[in-house]
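Number of protein chains: 2
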Amino acid sequence: MLDQGATLDRVFQALADPSRRIMVEQLSRGPASVSELARPLTMTLAAVVQHVQVLEASGLVRSRKVGRVRTCTIEPSALGTAEQWIAERRARWERRLDRLGEYLAEHSDEPDEGSSR
Amino acid sequence: MLDQGATLDRVFQALADPSRRIMVEQLSRGPASVSELARPLTMTLAAVVQHVQVLEASGLVRSRKVGRVRTCTIEPSALGTAEQWIAERRARWERRLDRLGEYLAEHSDEPDEGSSR
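Keeping their order, the protein sequence lines are chains E and B.
Under numbering that gives the first Met the number 0, the residue at position 32 of the first sequence is numbered 31, and the numbers go up by one with no gaps.
Under numbering that gives the first Met the number 0, the residue at position 13 of the second sequence is numbered 12, and the numbers go up by one with no gaps.
One or more of the hints may lead you astray.
Copies of one chain are not kept apart here, so a pair can be met inside one copy or by any two copies together.
[Said to hold, decoys possible] 25 Å max Cα-Cα, derived SDA-like pairs, lysine to any residue: (1) Lys64 to Glu93; (2) Lys64 to Leu99; (3) Lys64 to Glu105; (4) Lys64 to Glu35; (5) Lys64 to Ser34; (6) Lys64 to Arg89; (7) Lys64 to Arg95; (8) Lys64 to Glu74; (9) Lys64 to Ser76; (10) Lys64 to Asp2; (11) Lys64 to Arg20; (12) Lys64 to Leu96; (13) Lys64 to Ser32; (14) Lys64 to Ala37; (15) Lys64 to Trp92; (16) Lys64 to Pro75.
Quick caveat, the hints were computed from the structure, so don't treat them as lab data.
Make the full structure from the sequences, and use the hints.
Shown next as structure tokens:
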């Protein structure tokens with residue numbers, strides 16, 4: 000549970016940066032080298048490497064160096080953890096609204112209590 | 000699109016903090032006052048107010064002050080925006096894996112090309 004908390008801290012922090020989201024977007028279409036990730040971004044290669052390190056530390060991306068080329072791949076389970084956390088809270092809120100709606104519908108059908116209308 | 004980017008920056012930044020996630024968790028069960036949000040947390044009321052302000056700026060929470068009590072409510076559309084962004088990237092990656100699997104399955108059925116076996 001503590002571990003999941005730390006993962007969520009790092010995943011949400013990683014996704015809070017627009018350049019890192021562009022990298023995740025690109026990697027969702029397939030693996031890419033660091034220079035391919037750098038291409039659409041207006042920043043130094045060193046800055047791109049730092050962003051890749053944040054993405055790796057969060058678990059969203061893993062990379063492997065073969066020769067002089069480091070290739071990055073998306074790790075869908077970290078995306079799944081963050082997606083599930085949000086989805087559960089949103090679902091709980093919606094179930095609450097549904098119950099509230101049912102309660103109001105039931106009570107508006109009771110003419111005995113309709114004195115305020 | 001720029002607007003959505005700024006929203007995602009703020010929503011993911013807001014969710015990157017464990018105390019703010021506890022607040023969102025509590026608010027997903029129903030509206031709460033700032034002091035109710037402070038109860039499970041070991042921090043000053045001033046710190047809680049600051050976290051609430053970050054949550055409001057992100058669009059995840061809205062609040063309304065009546066008399067001396069500020070009541071916070073979750074805003075499910077901001078959660079939905081973040082959830083959808085993640086879900087789309089994850090789905091794109093999974094479709095890619097599916098296509099790759101289909102390609103491999105098709106090509107492993109071709110004995111004409113099975114020279115390496």
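Quick rundown of the hints versus the structure:
1. Lys64 to Glu93: Intra 45 Å, inter 24 Å, cutoff 25 Å: inter-copy only.
2. Lys64 to Leu99: between (55 Å within a copy, 22 Å between copies)
3. Lys64 to Glu105: This pair counts as neither: shortest intra-copy Cα distance 63 Å, inter-copy 30 Å.
4. Lys64 to Glu35: within (14 Å within a copy, 50 Å between copies)
5. Lys64 to Ser34: within (13 Å within a copy, 51 Å between copies)
6. Lys64 to Arg89: between (39 Å within a copy, 24 Å between copies)
7. Lys64 to Arg95: between (49 Å within a copy, 22 Å between copies)
8. Lys64 to Glu74: within (16 Å within a copy, 43 Å between copies)
9. Lys64 to Ser76: Result: close within a single copy only, 22 Å intra versus 40 Å inter.
10. Lys64 to Asp2: neither (28 Å within a copy, 36 Å between copies)
11. Lys64 to Arg20: within (22 Å within a copy, 36 Å between copies)
12. Lys64 to Leu96: between (50 Å within a copy, 22 Å between copies)
13. Lys64 to Ser32: Within one copy only: 9 Å inside a chain, 51 Å across chains, cut-off 25 Å.
14. Lys64 to Ala37: Close inside one copy (16 Å), not across copies (47 Å); limit 25 Å.
15. Lys64 to Trp92: Between copies only: 21 Å across chains, 44 Å inside a chain, cut-off 25 Å.
16. Lys64 to Pro75: Answer is within: at 20 Å inside a copy they meet the 25 Å cutoff, but 41 Å across does not.
Hint compliance for this structure: hints 3, 10 are not met, and every other hint is.
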